[in-house]
Amino acid sequence: MVEHQHSTAAVHALAHQFDDLEQQHEASNLGMWIFLATEVMFFGGLFAAYTVYRHQYFAAFEAGSRLLDWRFGATNTAVLICSSLTMALGVHAAQLGKRKALIVFLILTMILGLAFLGTKLTFEWSHDWAEHLVPGLNWAPQGEILSRLQEAHAPLPQVELFMFFYFGMTGLHALHMVVGIGLMIVLVILARAGKFTPENPNPIEMSGLYWHFVDIVWIFLFPLLYLIGGLASSQ
Amino acid sequence: MSTAALEPSIETHVHYLNVNYGIKSWLLTTDHKRIALLYLGSITLMFVLGGAAAVLIRLHLIEPTGALVQPETYNKLFSMHGIIMVFFFLIPSIPATLGNFLVPLMVGARDLAFPRINLLSWYLYIIGALIVLGAIATGGIDTGWTFYTPFSSTYSHTHVVAAIMGIFLAGFSSILTGFNFIVTIHKMRAPGLTWFRMPLFLWAMYATSVIQILGTPVVAVTLSLVAVERLFHVGIFDPALGGDPILFQHLFWFYSHPAVYIMILPAMGVISELVTCFSKKRIFGYSFIAFSSIAIAVLGFLVWGHHMFVSGQSVYAGLVFSVLSFLVAIPSAIKVFNWTATLYKGSISYDAPMIYAMGFIGLFTMGGVTGLFLASLAVDVHVHDTYFVVAHFHYIMVGGAVMAYLGGIHFWWPKITGRLYPDKWARFAALVIFIGFNLTFFPQYMLGYLGMPRRYAVYPAEFQVLNVMSSAGASILGVGYLIPLVYLFWSMRYGPVAGPNPWGAKGLEWTTPSPPPTFNFETTPVVTEEAYAYASEEARVG
Chain A
1 MVEHQHSTAA
11 VHALAHQFDD
21 LEQQHEASNL
31 GMWIFLATEV
41 MFFGGLFAAY
51 TVYRHQYFAA
61 FEAGSRLLDW
71 RFGATNTAVL
81 ICSSLTMALG
91 VHAAQLGKRK
101 ALIVFLILTM
111 ILGLAFLGTK
121 LTFEWSHDWA
131 EHLVPGLNWA
141 PQGEILSRLQ
151 EAHAPLPQVE
161 LFMFFYFGMT
171 GLHALHMVVG
181 IGLMIVLVIL
191 ARAGKFTPEN
201 PNPIEMSGLY
211 WHFVDIVWIF
221 LFPLLYLIGG
231 LASSQ
Chain B
1001 MSTAALEPSI
1011 ETHVHYLNVN
1021 YGIKSWLLTT
1031 DHKRIALLYL
1041 GSITLMFVLG
1051 GAAAVLIRLH
1061 LIEPTGALVQ
1071 PETYNKLFSM
1081 HGIIMVFFFL
1091 IPSIPATLGN
1101 FLVPLMVGAR
1111 DLAFPRINLL
1121 SWYLYIIGAL
1131 IVLGAIATGG
1141 IDTGWTFYTP
1151 FSSTYSHTHV
1161 VAAIMGIFLA
1171 GFSSILTGFN
1181 FIVTIHKMRA
1191 PGLTWFRMPL
1201 FLWAMYATSV
1211 IQILGTPVVA
1221 VTLSLVAVER
1231 LFHVGIFDPA
1241 LGGDPILFQH
1251 LFWFYSHPAV
1261 YIMILPAMGV
1271 ISELVTCFSK
1281 KRIFGYSFIA
1291 FSSIAIAVLG
1301 FLVWGHHMFV
1311 SGQSVYAGLV
1321 FSVLSFLVAI
1331 PSAIKVFNWT
1341 ATLYKGSISY
1351 DAPMIYAMGF
1361 IGLFTMGGVT
1371 GLFLASLAVD
1381 VHVHDTYFVV
1391 AHFHYIMVGG
1401 AVMAYLGGIH
1411 FWWPKITGRL
1421 YPDKWARFAA
1431 LVIFIGFNLT
1441 FFPQYMLGYL
1451 GMPRRYAVYP
1461 AEFQVLNVMS
1471 SAGASILGVG
1481 YLIPLVYLFW
1491 SMRYGPVAGP
1501 NPWGAKGLEW
1511 TTPSPPPTFN
1521 FETTPVVTEE
1531 AYAYASEEAR
1541 VG
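Heads up: the sequence lines are chains A and B, in that order.
Be aware that the first sequence starts at 1, since it is given in the numbering used here, and climbs by one per residue.
Be aware that the second sequence starts at 1001, since it is given in the numbering used here, and climbs by one per residue.
Quick caveat, the hints were computed from the structure, so don't treat them as lab data.
Glycine residues also receive a C-beta, built at the ideal position from the N, C-alpha and C atoms.
Be a bit skeptical, because a hint or two may be false.
To be verified - Rough simulated footprint, nothing fancy, chain A against chain B, three-plus residues with beta-carbon under 8 Å:
#1 1230-1236
#2 1323-1329
Stated by the list, open to error - A short, non-exhaustive set of chain B residues, derived as facing chain A with CB atoms under 7 Å:
#3 Val1069
#4 Gln1070
#5 Arg1110
#6 Phe1179
#7 His1186
#8 Arg1189
#9 Pro1217
#10 Ala1240
#11 Pro1245
#12 Ile1246
#13 Leu1247
To be verified - Taking lysine to any residue and the SDA-like style, the derived pairs with C-alpha atoms no more than 25 Å apart in a straight line are:
#14 Lys195/A <-> Thr77/A
#15 Lys1280/B <-> Ile1361/B
#16 Lys1280/B <-> Val1298/B
#17 Lys1280/B <-> Tyr1344/B
#18 Lys120/A <-> Lys1280/B
#19 Lys195/A <-> Ser1224/B
#20 Lys1280/B <-> Thr1340/B
#21 Lys195/A <-> Lys120/A
#22 Lys100/A <-> Phe18/A
#23 Lys120/A <-> Thr77/A
#24 Lys120/A <-> Phe1428/B
#25 Lys1024/B <-> Ala15/A
#26 Lys195/A <-> Glu39/A
#27 Lys195/A <-> Glu1530/B
#28 Lys1280/B <-> Glu1530/B
#29 Lys100/A <-> Leu89/A
#30 Lys120/A <-> Leu149/A
#31 Lys195/A <-> Arg1116/B
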């Protein structure tokens, strides 16, 4: 036991059920990967359903996709990739024990995450709401949008189904981002209190894995939702 | 036990039950053994409630015209029975109680890898159970436990959304349990405990956990979609709104068929432990049994379509699912043959847990073989949605999983409580359960083969004799379940002190005092031999 007592912080960081910090680190690492496997299956149910209906109702899904503005989606993709970079730099800083750099990178990651959510909320979802494009709540496409859908011979209930997948999948993704940002807030507070040492950057690394996962989900969502039928003739 | 006098008695040594007292020390505990007991209490309660619904169903079916309730109420009763028994009893039964208690002990660890997440899992379970019970108390659910669309999403006027919420939470409690077990088994084994020295119960729990973490999220998202369709009328599964009801069945059974293996794999793990201990013989074909657990977990994900032979899936899909379903028989039979081979020339003693194990082997075999009838495309068209199916899955789930659960509870009860129960009563109860079970469910095979459909509140008069037999059996079965409840409670106070190893069993859990101390072992155990290193027959005789 004695040889593991690098510092008092390290001793406090060791939970009673583990023999040493290395075992604890391996356990939480494996645990995070298993959790992510569960998450893949959770999103996977939605992706499977999306695939089936995209196959059955391709024309409607293509027309529905054109209701989205790919430029916002592309901007957000870039924002999220940058946030993954700052997160990775944060993990690196934690491993080296650079507290200030860690805090800066965590805050940057949060800001980028908030920018993503802000773009979705103010430029995309609220616009959809105004255009009566939210399925189940105010679905009633009108005017120019309605005539565009009719030109594309896209039955409205099927377009509504596409919009449901759009809101369902990006909504679930956004929920995960909110959880991630909540995690960052806790991490910043703990980092300021000096809870992370080079021997124990565990929580930072685990949150990093989670953040990258949420990022990757978006990488799949963007083309599947925004780019059906190419970039042409977007609004 | 000759060593009993040398052991400190149950009152004098500090163990997980007497280390501290009070409601808070239980509700905020992170000790896997206490969480196991919290689960044991809660699932026993759910078992009683689900059983009460079954009693009412069987009473109702004494008369061809229905003896007791309105058809609507009958629908709610079988839904309540199915939802409670599947999601709130069978799925958590062995993993959350025996698994929680035994996994750290069997790997030689102080606790599971994530003790607080373990407690969270129990709270999720309780909240989910309360929501479902609330939904039942305020009017019930009438969709059956399968929630088939579009009935569940559009037409049913009962508390479908609440039930889905409850099941969603219980599902996440199940995921967290599996998640904890996988990490613990991978990372926290004692020195010398290699994968192929592990007790087969751990292999079974590992395979179960894989299904829990990969299958459960799919049913969670599927049922959420049903709730969304119900609340917002988006056409996901309702054909009238443009949705596809077959897609619901695919997604639902992608989890709910593997869920059957969440119930039966842990049971098989328990049986492997019981059969070796009460034959005092090494298990026959250790690695075959270990890998057959993994094989069942993997194959289990590939057979869901056999629930949909008459639902309108393509005939080619039906053919493939039929063949794959037959393949599950191979690892299942490997286990049964290896258990019986273990008995051969063993020195067998018929203590209560062994009676349950014997009952399991016979009943599981019958349930498994009738499963092959159902996996055959043509036969399934005839018996689909009849009592033949009901009898088949009750032979697996009650004759299999519940028998093994009770056998396991009896086997490890001295470890859990430090006390022995009256063995004569226990053996008597096991026999009553076996007889009651067969009288309840064997007639249902015949009813189903004759064409009686499941889930109907009435039936033609010529089926009455078999139905009365089944109802009579159910009352015997009910009494059989009540007897252990009485003497196990009694034994907690008045049973003789068990000592650390009353059965002369192998395995790390038997090397520590009963009940175990909070951190399980005085010093980290070191494993130097394979599992089930019982003396060979020559050594015993000579």
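The hints, checked one at a time:
1. 1230-1236: Our answer is that it holds, as 6 residues pass the Cβ test (under 8 Å) against chain A, meeting three.
2. 1323-1329: As far as the stretch 1323-1329 of chain B goes, the hint is violated, because 0 residues have Cβ atoms under 8 Å from chain A.
3. Val1069: violated, 36 Å
4. Gln1070: violated, 34 Å
5. Arg1110: At about 5 Å, which falls below the 7 Å cut-off, the nearest Cβ of chain A leaves the hint on arginine 1110/B intact, so it holds.
6. Phe1179: Nearest chain A Cβ about 5 Å off; hint holds.
7. His1186: Holds, because the Cβ-Cβ distance from histidine 1186/B to chain A comes to roughly 6 Å (cut-off 7 Å).
8. Arg1189: violated, 11 Å
9. Pro1217: holds, 4 Å
10. Ala1240: violated, 10 Å
11. Pro1245: Given a least distance of 12 Å, the restraint on proline 1245/B is violated.
12. Ile1246: With a closest approach of 9 Å, the isoleucine 1246/B hint is violated.
13. Leu1247: holds, 6 Å
14. Lys195/A <-> Thr77/A: With Cα atoms ~32 Å apart, lysine 195/A and threonine 77/A exceed 25 Å; violated.
15. Lys1280/B <-> Ile1361/B: Since the Cα atoms of lysine 1280/B and isoleucine 1361/B sit roughly 18 Å apart, the hinted pair holds (cutoff 25 Å).
16. Lys1280/B <-> Val1298/B: violated, 32 Å
17. Lys1280/B <-> Tyr1344/B: holds, 11 Å
18. Lys120/A <-> Lys1280/B: Judged against 25 Å, a Cα distance of about 66 Å means the pair is violated.
19. Lys195/A <-> Ser1224/B: violated, 38 Å
20. Lys1280/B <-> Thr1340/B: holds, 13 Å
21. Lys195/A <-> Lys120/A: violated, 34 Å
22. Lys100/A <-> Phe18/A: violated, 30 Å
23. Lys120/A <-> Thr77/A: Roughly 11 Å separates the two Cα atoms, so the pair holds.
24. Lys120/A <-> Phe1428/B: Violated, because 66 Å separates the two Cα atoms, which is more than 25 Å.
25. Lys1024/B <-> Ala15/A: Roughly 21 Å separates the two Cα atoms, so the pair holds.
26. Lys195/A <-> Glu39/A: Roughly 28 Å separates the two Cα atoms, so the pair is violated.
27. Lys195/A <-> Glu1530/B: Between lysine 195/A and glutamate 1530/B the Cα gap is close to 42 Å, so the pair fails against 25 Å, i.e. violated.
28. Lys1280/B <-> Glu1530/B: holds, 15 Å
29. Lys100/A <-> Leu89/A: holds, 12 Å
30. Lys120/A <-> Leu149/A: holds, 23 Å
31. Lys195/A <-> Arg1116/B: holds, 19 Å
Comparing the model with each earlier hint shows violations of hints 2, 3, 4, 8, 10, 11, 12, 14, 16, 18, 19, 21, 22, 24, 26 and 27; every other hint is respected.
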